[in-house]
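Asker: Below, each chain spelled out in residue letters.
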Amino acid sequence: MKRQSSLVSESVLIEKLVQRDQKAFHWLYDQYSPALYGVVLRIVRDEEHAQDLVQDIFVKIWKNLDAYDSGKGRLFTWMLNVARNTAIDAIRAQKSQPSAANAIRTDEDNVHVVDRQHNTQQPNPEHIGIQEVVGQLRPDRRQLIDLVYFGGYTHEEAADELNLPLGTVKTRIRAALQELKQLFKS
Amino acid sequence: MNLEEYIASGILDSYAIGAVSDQEVREVNCLASIYPEIRQELDELMLSTENYALLHSIEPPAGLKDRIMRQLTFEDADNTIVRPLPIDRDMPADATRPYTYKTTWMVAAAAALAVLFFSYFLITQLQTNQKTLASLRESNDSMQLELKQMRTSQGQTDQVLAMLRQPGARTLELRGNEKAPQGDMLVFWNPSTQQVAVEVKSLPTLPADKQYQLWSLVDGKPVDAGVFDSGSAIQKMNRSVGRADAFAVTVEKRGGSPTPSMATLLAMSPVA
Chain U
1 MKRQSSLVSE
11 SVLIEKLVQR
21 DQKAFHWLYD
31 QYSPALYGVV
41 LRIVRDEEHA
51 QDLVQDIFVK
61 IWKNLDAYDS
71 GKGRLFTWML
81 NVARNTAIDA
91 IRAQKSQPSA
101 ANAIRTDEDN
111 VHVVDRQHNT
121 QQPNPEHIGI
131 QEVVGQLRPD
141 RRQLIDLVYF
151 GGYTHEEAAD
161 ELNLPLGTVK
171 TRIRAALQEL
181 KQLFKS
Chain R
1001 MNLEEYIASG
1011 ILDSYAIGAV
1021 SDQEVREVNC
1031 LASIYPEIRQ
1041 ELDELMLSTE
1051 NYALLHSIEP
1061 PAGLKDRIMR
1071 QLTFEDADNT
1081 IVRPLPIDRD
1091 MPADATRPYT
1101 YKTTWMVAAA
1111 AALAVLFFSY
1121 FLITQLQTNQ
1131 KTLASLRESN
1141 DSMQLELKQM
1151 RTSQGQTDQV
1161 LAMLRQPGAR
1171 TLELRGNEKA
1181 PQGDMLVFWN
1191 PSTQQVAVEV
1201 KSLPTLPADK
1211 QYQLWSLVDG
1221 KPVDAGVFDS
1231 GSAIQKMNRS
1241 VGRADAFAVT
1251 VEKRGGSPTP
1261 SMATLLAMSP
1271 VA
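Which chain is which? The protein sequence lines are U and R, in order.
Under this note's numbering, the first residue of the first sequence carries the number 1, and numbering increases by one thereafter.
Under this note's numbering, the first residue of the second sequence carries the number 1001, and numbering increases by one thereafter.
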C-alpha cells in the first residue's frame, strides 16, 4: 500500500519513541493525527469532543508505548485501535447518560457534509477519494460497516438496529469487507 | 481444521472492523499465529479497514498538537539515555529459569545416585549376613552332630564303665596275627553279667561291606559274640557270653556270619 512506503523506518521510529524523543513525536503526530482525528470525529460527531479525545489518545499512546508489541501488528493498527476504542467508550458513556441520549446517526447526508467540509485538508493527495470508494460500495454494506466500525455496534446490536437476522448481518459484514478488499486492491 | 471454512465464516472480517468479543479476538490472534493463510487474510482485511478509516482523515486544528505536547514529557535529545528494552528487563528472570531447572535435575540425580549406592550397600550387607548365617548353620549342624556322637559314645562308655565296675570284670588284649601285624584291641568281659565290650586300639580299616566279628570259643567251638567296627570308641557287644575259653576276631560280611571264616582270623587270645 502507498502508506507503507512512508513507514519504512517504523522500527527506528518506535525506538526513538520509546526513548521519548521529541522529534519522533512530531513525526508521529504529523503522520497520524489526521487519520485518528478523522475516525474519532466520525465516531463522536462533535469537533470539540473529538479534539479532547485525540489529546487523550495521544497521551495514552505516549504513556503506553511499552505495551505496544511490534510482533502483533503495525504501529498504526495499534494506534487506530486505541483511538477507536477510546472514542467508542466515550459515546457509550454518553449514551448511558439520559441527558445526552443522542442515538448514533448513520444517515449518509451527515457523513457527506463532514467529508465535504474537510476534503480539502486531506493530508495525502494520493489517497483514493472517499466518494470514489463509497460510491462503489453497496449502500447496505457501507451502512453496516459504519455502524460497526464507527458506531461500535456488536453483531446483535446491528441486527436489532437494521431489523435483520443475525446471520444476515454476519454474512453482509463478510461481503462488505471482501468488497472493500477488492476496491483497495484495484 | 478447515482453514477455508474458517476464513469463509466471516469471523476475520468481523475482527477487522472490531465486531468480535474479547474471547474471539484471542481465538483469532492465536489461529493467525499458527496458520499463515489466516494471518495473510487477516492482514489484508485489517489493511482494507485501515484504508477505509484513512479515507475519513481530517486535519485536526493547529493548536491541538501544542496542547498535547504540553501534557507529555520528553527526554533531552542531546542527553539521550538509552533505556533498556523490555526484553532486557525480562532477561534476569529468564536467565534464572534454566539454572533452577538444572539445579532441580542435579538434586534429583544426586538423590537417585545416593539411593542407588545405599541399595547396593544394603544388598552387600544382606549377602554377607546370609553367608555368615549359612556358615553358622553349617558349623551348628556339625557341632550338633559332634555332640550327638559324643553323647552316644559317652553313653556307651558309661555302659562299659558300669560293666567294668561290676565285680568279676576282666580285660583281655587281642593282638593281630601276621595278617594284621599292627592289630591291637581290648576285650572287656564279665562272666557273671555275661556282658562283652571291645575297644579297638588299631585295626585295619575295612571296606564298607565288611565288619569285624568277635567269637568266643567254648569247648573248641566258636560262638558268635557280635560285630564291631574299627572305630576307636568302646563298643558294647549285643551278645551275651557266659562261658569262653578264648576270644577270636575274624573279618566277615557286614552284619556278621553264623560261622567264622578261619581264613580271615586276625587275632585270638585265650582267656587267662
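Simulated from the structure, these hints should not be mistaken for laboratory data.
You may find that some hints are simply not true.
[As the list claims (entries may be wrong)] From chain R, some residues computed to sit far from chain U (all C-beta separations above 10 Å):
no.	residue
1	G1018
2	S1048
3	A1053
4	P1061
5	K1065
6	R1067
7	F1074
8	K1148
9	G1220
10	R1243
11	A1246
12	L1266
[To be verified] Straight-line C-alpha distance at most 20 Å; calculated EDC-like pairs for lysine to aspartate or glutamate:
no.	chain 1	residue 1	chain 2	residue 2
13	U	K181	R	E1004
14	U	K185	R	E1037
15	U	K72	U	E10
16	R	K1065	U	E48
17	U	K72	R	E1173
18	U	K60	U	D30
19	U	K95	U	E10
20	U	K181	R	D1043
21	U	K72	R	E1041
22	R	K1201	R	D1219
23	U	K95	U	E132
24	U	K60	R	E1037
[Said to hold, decoys possible] Computed far set for chain U versus chain R, every beta-carbon distance over 12 Å:
no.	residue
25	E10
26	D21
27	G38
28	G71
29	Q94
30	S96
31	Q97
32	R142
33	A158
34	N163
35	L177
Positions of the beta carbon are idealized from the N, C-alpha and C atoms, including for glycine.
Asker: Check the hint pairing K60 of chain U with E1037 of chain R against an upper bound of 20 Å on the C-alpha distance.
Answerer: 33 Å, violated
Asker: Sort out whether D30 of chain U lies within 20 Å of K60 of chain U, counting only the CA atoms.
Answerer: 17 Å, holds
Asker: Is K72 of chain U within 20 Å of E1041 of chain R, Cα to Cα?
Answerer: Judged against 20 Å, a Cα distance of about 15 Å means the pair holds.
Asker: If we take the beta carbon of E10 of chain U, is the closest beta carbon in chain R still more than 12 Å away?
Answerer: 14 Å, holds
Asker: Mind verifying the non-interface call on G38 of chain U? Its CB should be farther than 12 Å from each CB in chain R.
Answerer: 4 Å, violated
Asker: Just checking, G71 of chain U versus chain R, shortest CB gap more than 12 Å?
Answerer: Not fine: 9 Å to the nearest Cβ puts G71 of chain U too close to chain R.
Asker: For the pair supplied as a hint, K72 of chain U and E1173 of chain R, is the alpha-carbon distance within the 20 Å limit?
Answerer: 123 Å, violated
Asker: Does K1148 of chain R sit more than 10 Å from chain U, CB to CB?
Answerer: Per Cβ check, K1148 of chain R is outside 10 Å of chain U; nearest 94 Å; holds.
Asker: Please verify whether K185 of chain U and E1037 of chain R have alpha carbons no more than 20 Å apart.
Answerer: This hinted pair holds, its Cα atoms lying about 18 Å apart.
Asker: Could you let me know if the closest chain R CB is still more than 12 Å away from the CB of Q97 of chain U?
Answerer: Per Cβ check, Q97 of chain U is outside 12 Å of chain R; nearest 23 Å; holds.
Asker: K181 of chain U and E1004 of chain R: Cα distance at most 20 Å?
Answerer: 17 Å, holds
Asker: Decide, holds or violated, for the assertion that all CB atoms of chain R are farther than 12 Å from the CB of A158 of chain U.
Answerer: Label violated. Min Cβ-Cβ 8 Å, cutoff 12 Å.
Checked against the numbered hints given earlier, this structure breaks hints 1, 2, 3, 4, 5, 6, 7, 17, 19, 22, 23, 24, 26, 27, 28, 32, 33 and 35; the rest are met.
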